[in-house]
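Asks: Given next are the chains, with one letter for each unit.
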Amino acid sequence: MLTITNLNKTYGNGVKALSNISLTIDAGLFGLLGPNGAGKSSLMRTLASLQGVDSGDINFAGVNVLEQPAALRNQLGYLPQEFGVYPKISAFNLLDHFAVLKGIIDKKDRQQQVNALLEQTNLTDVKNKAVSDFSGGMKQRFGIAQALLGDPKLIIVDEPTAGLDPEERNRFHQLLSQLGENRVVILSTHIVEDVSELCPKMAVLAAGKILLQGKPSELINQLKGKVWQRVIDVEQEKIFRENFKVISIRLSEGKRCIHILADSQPEAEFKMVEPDLEDVYFATLYQQHDQQNADNANNAINAISVK
Amino acid sequence: MLKNLLQFEMRFHTRQIAFYLGLILFFVMGFLVTGRLGYAGKVFVNSPHLVTSVYLFIGLYLPIAMSVLTVNAVLRDDMHNATAMVYSSHISAKQFILSRYLGLVLTATGLIIIGGLAILLRTYFSSGIEGDFTDTHIAYYLWTLLVFLLPNILLFAAISFAVACFSRSVIMTYLSGLVIYILYMLSATFVDSSLFAGSASGNLGTAQLLIYIDPFGMSAYEIATQFWTATEKNTQLVSLSGDLLFNRVIWLSISGLILTLVLHKFKLNLEYKASAKQKKSANSLDGRSVNQSNLNSQLRYTTITPSTSNKRHWLALKSSVGLEMSYLMKSYAFWVVVGLWTFFLFGEIYTIIKSAEFSSPLYPMTSRVLDRFMYDLLPRFSLFVLVFYSADMVWREKDLKMAAFIDASPTKGSVFFLSKFFALSLIPFFFITIAIAVGLFFQWLNNYSDYEMTLYFSVYYYAGLPLLLTIAMCLFVQVLVPNKYIGMLVSVFVLLFLGTNLSGFIGLEHNLWHFAKAPELNYSDMNGFDQASFSFAVYMLYWGSFALLLCLLGFGLWRRGSDVSFSNRRKQIVSQLGQSGARFSLVCLMLFIGSGSYIFYQTNIAANYYSSADSEQFRVDYENQFKKFAELAQPSIDSVNTKVDLYPSDSRFEVTGEYQLINRTKQTINQVLIELSGDLNLTQLILKDNRNQQAKLVLNKPNLGGYVFDLIEPLKPAQQLTLTFSLDQQQSGFADFSKRSMVTKNSTLLYLSSQLPRVGYVKQKALQNEKLREKNGLEKLPAIETIEQSLAKTQGIFSGEDDFIRFETIVSTDKGQTAITSGDLIEQWQKDGRAYFHYKTDQAIRNALIYISSNYAVAKEKFNDIDIAVYYHPQHNKNIQRMLSGIKDSLSYQMTNFGNYPHQQFKQVEAAEYTGLSGYAAPTMTLMSEHAGFTYDLTNSEDYDQVYRRSAHEVAHQWWGHLIAPANIDEGSMLFVETLARYSESMIMKKVYGDEMALKFINFEMDRYFTGRARETDNELPLYRTRNDQRYLMYSKGAVAMYALQNTIGEDRVNLALRSLVEKYRFPNNPPASLDLLNEFYAVAPEYKAYIDEWFKQMTYVEMQLNKADATKLNDGTYEISLDINLVKKQVDNLGEESAIEATQLIEVVVTVEVNGEMKTETHQIELVSGVNQIKLNTQNKPSSVDLDPRSLLLNKNKSQAKSEVVLVN
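Top line first, the protein sequences correspond to chains A and S. Numbering of the first sequence is given in the numbering used here, commencing with residue 1 and proceeding in unit increments. Numbering of the second sequence is given in the numbering used here, commencing with residue 1 and proceeding in unit increments.
Isolated chain S, as found in the complex:
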């Protein structure tokens, strides 16, 4: 019987359109996602890791697919009014449930197998995939299927099956799929899934619970593989153990429980329909009414002639809107959606004040609250709800079989369209209002009382308006498309594909194509939405008039009666709209075209617009045109003297300036290439030699930003040239200006490296993508040069990354603002309603110039003749003292240990959030964006004061990065920037917080190193070779190495080496190579050469596991501790291959002992060999715990298992 039923189920499912749509969907996804997801690099595209990742990724769509299948499986009887027939047939409840459940499971399994096949096929038909391949193993697919996907299918089927059986509601069943998805998202957000986020928080494994609540098991997979290297990813399948096993067992049991529940509770009768009871009561009422039948009542029916006034339409609209709204309000599903939304909001907003290890929570400022939902969560969540409800509402009368009543009424189609529009607009209104309420509640809860209601209310405008347009589009699509579900698909397609940059794939790159989308909004407490607010308004006018046109078409095409073919309805448009409608649509059309033209003008004509094809071509042309200058000797900039006028309120700036160029090479120079961004309006560019002869401009390519001058007389070494220029730029919220260089009302930031002329060929402007280079016939980019190659090439005479310059500038800005740049402020004045500032440097600085201007408050202090100032947005005043003391302590530490600060002033300046500068060290100044310190909430900080730490770190760059500049080579130069700044920072923090806390931070960094190397797409390198993009080396391993080094040889000796480094390599001397740093270390600690080399020149690490720690009390009253320690030492070769090596390792063991009720520590040295070690230690006092290598002198992957309580045995 069951077999027959099951066969029937399978026949049923395989005849559904949904099934075929699912097949196509999973196949397409498997095919498309393969090769695009995860970190390829050295990891093979068909490695067990990537196969599993991709397969799991497409498995994310299972709950949605399954809820659709479940609706078919369980609710089909209801939908076809066959329930009574099916339930009264002779099948038992058990057979009914099992057959349908299994049918569901088998069908879903079929879908996911197709997905797997698609992945497999894609690894054979692999054109277009970047990455390498290994042998195909079906086992990888089967394992993922068995461990993850099949259990997931059993679970999701059970959940949506139960929901469908008990609720008998279509939308509740769909929602059950959504809830599963949300559980996953919640878990993934906290676990920081590498599938979605690129950022390594390095903070995995802190929240066990969150690993368990992920019903997909993906978070557990992430955790299990977080430290895996490329080799492991290429060869290993995850083992079913630990957290993963626990996760799987939990969720399988839950599926079993749910299924049992359904089997026991679900009966094949119709009493589950709530309305059955009501029906009874209504019937009994009916019975009564028969007796009271009275046709001759005094309430006589009299006819009333319908009004023909326009008021009737208003009333009809009002009544319909009321009806639709009450439908929404009374629908259970809507409240479930609202509940989900609220739940989501709490989760998201909580992350603002959530304190994680070594990171700081923020004050729950309104702009931060908005940031959590306004830009992504709200639009995405609303989109799906709106697509669903617009379909539901448009087809409601039809589905309820009451369309004839409505259609035969004299009310216009526009009334129905509009009533649905207004009712639907309640959804975003609700969502936004709830979000505001949750935000306010949250702020109140945290005693944060600056509510900024105006900002809150602006959400209705900035986020609500686009959603209204979304509604218009959804309604229009539903009116146009003759099937509800196809309509939903079309809506999603239109909104997701055309409404985002995805449509760039088919060439629709320009914003004018992206429905209901405006240029990205960037809110800053300093600046509001500023520029974006105007462009937003214009874009909304553009899309708003388009949406109105859609509405008008929707009025005209509104389905009425049963003859609803498009051709029939098309004919009625004109008569439906009437004259006023036609006039109105003409107005909309004119607004649409007008605003569109304005946007086009602002984007493409007033500014430079580059499509991705344009910018590719631009890069190719630049390279072809100017490549030869990369090899030609070019002069360096020796001094910069500018006059910069900022007009923040007009979004405009003007610069006139003069460079002294000098030939620092040993060759003579005949031609000079000047580079300038094509977005600038250049009004003057003159190159003269010191005899005042003007060089001839022989090649003038303003689009490419290249200008070639022929010198009248060849420039001999050490001879000078003068370049004078003037330029300006008008910005607007339409053009795609880099957010980093914007001139806006209260926040201006200019990077003069990209807004002033540069000399010579700019490598970064060439195409960097090898595939595109090949396509355009360009030769491959030169391979990374090893440090030895660089040395051989230059004989150790490196040029710096930027030229060192003498700098003087007069910058003016709007009155009331302060304009800040590098150098010491020597004079300031006001003239003609503008504020002027004169900056000048005594010492040469790196040419990394920045101008910033805003209406700042300032806190000043003096430290050893240095004027320190923090410039900040007046409302962001809570952490200023912390910054000042961080700056002072940092200046003090470095001046004491590495040499003097060569300027008179130092300032830390707040930059607008959207500049994305978490911290940026320019000469004589640090830039820090709003929420990278100024708004940290330090009140409950348990570990580091992050404001203090970051300020100290950035100040350290005045030495590490500015006094010692990084050489312009491929390997090792970042050691002098980040590793040493990390070291200075650690020493300062150690002083304030003590060794224990500092070590905790170092261990945290050690984890980050291991996570970071697992995500390496290329080869890991030894620390001294660190490439410029290997942050896990220069920051994390560097910090750990330096800390271990100073623990081993002593802080004094390290500082001695660094001081010597500064003296030898500071400007005007050549910058150092990393080998020079090692030489300094060898010089101060020759006996530790091997140790230094192990950290800096080799790639080794240990895995130490403390299996057992026992102690026995001996007869003489002393204790013998026996430790069981497993040691594995691994060596990584240049190809990233890891191998265990035989090693003898001396390590420190610290035993905590009890002496007269007090805890003391004893340090022992032990020697371990690879493998299992039985170690015995003797101590006078009662041992309580042991800790292996507590000072982190070794790089240990297993740090969490290095500590144990000592068990006393007798």
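Just chain A, with the same shape it has in the complex:
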């Protein structure tokens, strides 16, 4: 449904936000995983028709998003990463206003949908309270309610669970999981669990590039037998980092537990572990770093030799 072809975008300050991004996304939940500053929000904003690109194409169900933003907006639900609302306006009134802006002109229909969404997002009890006074989780749920107004075929949610407590997050996930039928839902996040819990398909974005895409299960399978783990002391960290491909160091009950990437058991103390999506993610990021370091080193050598 959504085809993204060779998107490139460089900001005025020289930061390359999007670098030759191509993706094909079908109906269902799609997870876009990446560290902070990877370009996720840039991509989300671009897909939501709020930002242009230097080159590339976006096509959604036959609509050229970059050229006909208005046509996309008719079928778009967008929850930005961070947002505020008008002060002193109740959830119901504000949602109703957004519904009008989306073009739902029949008053009865509109109120029915607004009420349903408030119920769905569990905000019915507070529908007459000002949204500006809501807690973080309530606000996010209001945000998703807002994104579902009308008949959105493309829903873009940017880092929706940041700052939510586990219960809030859980509820939010339930809500999202119900949406994936017949529409494209793109969820951008830096939290691996969000993706593993929700998304049948995903991509990893870092430094403006797509590093990996596919189904989480398949991606995990590819890593099978390659992830090793051992517990180390604090002062050993440096040595291990120098000698092994350390993809992550996790704390478990106060101990340092490192995961490394290796085709065979590197040392006796290492145990093979069943990889999870987190390993996939960190392994990808590790390889990206490695690549970058190598590039930098090459560049440095080139620079010297040129001299």
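Please keep in mind that the hints were generated in silico from the structure rather than gathered at the bench. Beta carbons: idealized from backbone N, C-alpha and C, even for Gly. Any given hint could be a false lead.
Listed next, the in silico DSSO-like pairs over lysine-lysine satisfying Cα-Cα at most 27 Å (straight line) [unchecked claim]:
(1) Lys318(S) with Lys129(A)
(2) Lys1108(S) with Lys1199(S)
(3) Lys153(A) with Lys311(S)
(4) Lys330(S) with Lys127(A)
(5) Lys398(S) with Lys88(A)
(6) Lys763(S) with Lys793(S)
(7) Lys139(A) with Lys1199(S)
(8) Lys88(A) with Lys401(S)
(9) Lys330(S) with Lys129(A)
(10) Lys108(A) with Lys318(S)
(11) Lys129(A) with Lys401(S)
(12) Lys88(A) with Lys484(S)
Here are the in silico distance ranges between beta carbons for each label pair [unchecked claim]:
(13) Ser649(S) with Asp106(A): 54 to 60 Å
(14) Ser126(S) with Tyr11(A): 48 to 54 Å
(15) Thr14(S) with Gln292(A): 39 to 45 Å
Starting from the structure of chain A, add chain S where the hints point.
Replies: Showing chain S alone in chain A's frame:
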């Protein structure tokens, strides 16, 4: 710790853009204002007075600058969400407050010091400043800084600091600056600051409270220096005492109090945020909702396909407008602004009925109510509010971080633009509605029931429409400019600079450049807005279509998403607007060009348009071309015979006429210059001699209005010529016609001195500004001639200012109107639907002709065979009887004392307000504008009936000014016009109100004299030399002198002298010089020559202070009063230098004594010498009070300290 914090504050402030903007602003202001503000003349540009005035003036901007700084100082944590971090750090509340307060104070001090430096620099780099300089003294600057500006900074910082701390609101902090400013304005309006108003009400010091409530201390400064002469202004700093000291102490204490309050009440926690509480409740609700979580509700979410019909845009617009409006209505700041507006209105409207000493309040008529706010207050106040709110609204979604919701919705940009437009238009709507409500309330309160609702509602159109255009401009600027604050600056610049005549500085003089501005509206009860209403409509069409274009561009450029560079948005304009938008903009463009062309045609082609450069050139050319005629003998006009046809409903008039010219000189005349305004359409101009030979037109300059004829035969003395002419003029509301000479539907006033031919060179048409003259290579204007020089030059044979003429005219006007001019009406008839009037004079009159026509009601009366009539607008009928009796009493007094009135009729005629004629005496008639008498509310008058007084005064001019004409010389001739009319008026008023009231008025005039001379820009002169522009001499000192004179030598003797004057100098004799008047006085009272000379020929005054008045009862039952009186007598020399002189002064002391429970007065003569005098007086009865010189026989600067209760001591 505090030191570190303070250093941090200073680093912070000095890194803010606002600080640098402030520096630039204060510097530029200091530089620009220096040399332009205040009365220069003999006062040095860098004198203590002008340095203080300029420095104080730029200090007026402190509250605004400081509220911006305060927002930075106090609210920066909120704005950057750093509040919690800062508040939880280890600094104490006290340190927090003190460091930030002091940081604020120091920063503001830095700004104002830069302002002072700019003034100082400007006095060195002084090119372009008119005026002289003295030595530079840093002390003047430091004194102003110490006494005024630093305390002000402490105060303003405290106020805005407190407001910011407790409200935590940006706009409230800005508003606090505005409130301070308003307090000042209030005080300044009542104290009548010379910095802003040129008018001398002479009524300072009546409202002490108002001096104290000025937080700037400027009113106190005004009061303290009101009588200062140039020398004092050049040498003295104001002393920190009296009212000024009190003002300073009050406000410093208030600053201390506020700061203490903040120190005690302000805590470093976040509970001041009102929303914190609400947050709690919302959270608890959230907790409940977790348990009730129910995803499987019967309220199922189903999708709804958005509509694509056009109705969606309407609905979106409606919903957005509702939202924006409720935002406005719910915002606290908006109601504060509304409150301020209401407060302002009450203050302004109250001035209509406010009675001040010797001035009359007006009936609170609707047009007067509108006059108080519609033309200046409303546009200015709204402008700032609109600039602020348009910025706020355009950037609101962005500031609230919710733009993405809105931007990603399918609603068009135009909907958002328009929703903000409509919501903002609520502001002027509100302001106007409130103003109307306040006006109605006020009228109701004063039992004035003629509400004139149509006129009230017209405010929405005349004042509201330009404000809607203002909104469009503000929104457009905010959409265009990528930063809110820069956008605000740009808006203010565009609206204030381009929207007013200020843009004339850069050559944009034509009205077509002045955004949202139409030609000045002039409302008259007689005439409505008349001509202006059509030109207003066309101008609104012009600017309205321009504003629509701005809106369309605004739709297209509306910021959406995060890629909002101008180049990106520019590309989207076409697609955003679509075809209908493009068509609509084409229509707007055509309307804009069409209406603009029409305006241009009407202004520049159908009428003469002069830019200031044009009119400068025009004056230069006129002088170069015709100057030689100033020296050549020219004939005088001996008789005028005209036929004038007024077409008020067409704004047109036609004149055909014939002059008899006569050579009254002793030379023969070969060439005659005829002068005529270039705005007139001349169709015939023929000059013939008495043998019917037509003179040859040898120079024809219609643009300059000059026509030179060569006579066939030289014109010998006493020979005559005939000039026949016909001309017409079509007026419109577009051309810049003098408001004094307009032909409009129900009010026509023509000054024929500027609309009929004149003979000879007209001096006034030459450039008067010396700098411009120099630039254009013209020689300096001749210096003022002293009276002695004039006498020597003419051997006492002065010509009058105007020729005396015989006059006959037939004037016609629209049916229903009455056309009035000088002379006696001998016949009137109607023909072809027009009304005709035939006027003729028996006696020669001054050629100061006026034609006036309107639909008048008339009140007639007969007095001693003279027909008196008052012509008035039928609704302005309340004071007609007062006018009639003023006219009668005045005629009676003058006929009894100075000789007969030489005509059969006298009329007083109402002129439209915009003619600006408070009172104008033409031969056989007085013109008085609507609100200069006809609408005075006399019901509560405690002192003079001003309608009566003014009517009497103007009638007196039939003698003083018409029977005795002022000589055409530079000095002293106005004595015969205003001083003597003032005298007649005083005598009439004395008769009606008694000596006590008359003296009160004379003392009031004495104050006005002292205020007036303090504002003199040139040298003060003795009364007998009064120049034509020295009103404080001819009116005020003249009235006081004449009153003192008649008190001293007696009214009879004064009148005897004046009667003799009239007999000797009335036409056809030569007009008198002021010395002739003195000679008449000497003749009737030779023993008082010294006294007369002191008043008329010298400049002296006394300062008498009654320090102490005690009385002791003596053993014999009588009382001994001991007075302690300080006398200073000052003499002013020709250069304006004052010096104290040794003097012995005989003065009258009146003691009020108690005789058997009744109060009686005893008059004593005492002799005072300069310095402190101990005087003892004996009286039989118990003294209660003493009064020095109660009859005001002396000019006393200290009049308020001449009276005292007597304290009995034993």
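Asks: State for each hint whether it applies.
Replies: Now for the hints, and whether the structure bears them out:
no. : hint                                 : verdict
1   : Lys318(S) with Lys129(A)             : holds (23 Å)
2   : Lys1108(S) with Lys1199(S)           : holds (15 Å)
3   : Lys153(A) with Lys311(S)             : holds (23 Å)
4   : Lys330(S) with Lys127(A)             : holds (19 Å)
5   : Lys398(S) with Lys88(A)              : holds (17 Å)
6   : Lys763(S) with Lys793(S)             : holds (19 Å)
7   : Lys139(A) with Lys1199(S)            : violated (75 Å)
8   : Lys88(A) with Lys401(S)              : holds (15 Å)
9   : Lys330(S) with Lys129(A)             : holds (15 Å)
10  : Lys108(A) with Lys318(S)             : holds (17 Å)
11  : Lys129(A) with Lys401(S)             : holds (20 Å)
12  : Lys88(A) with Lys484(S)              : holds (23 Å)
13  : Ser649(S) with Asp106(A): 54 to 60 Å : holds (57 Å)
14  : Ser126(S) with Tyr11(A): 48 to 54 Å  : holds (51 Å)
15  : Thr14(S) with Gln292(A): 39 to 45 Å  : holds (41 Å)
In summary, the structure is inconsistent with hint 7 from the numbered list given earlier, while agreeing with all the others.
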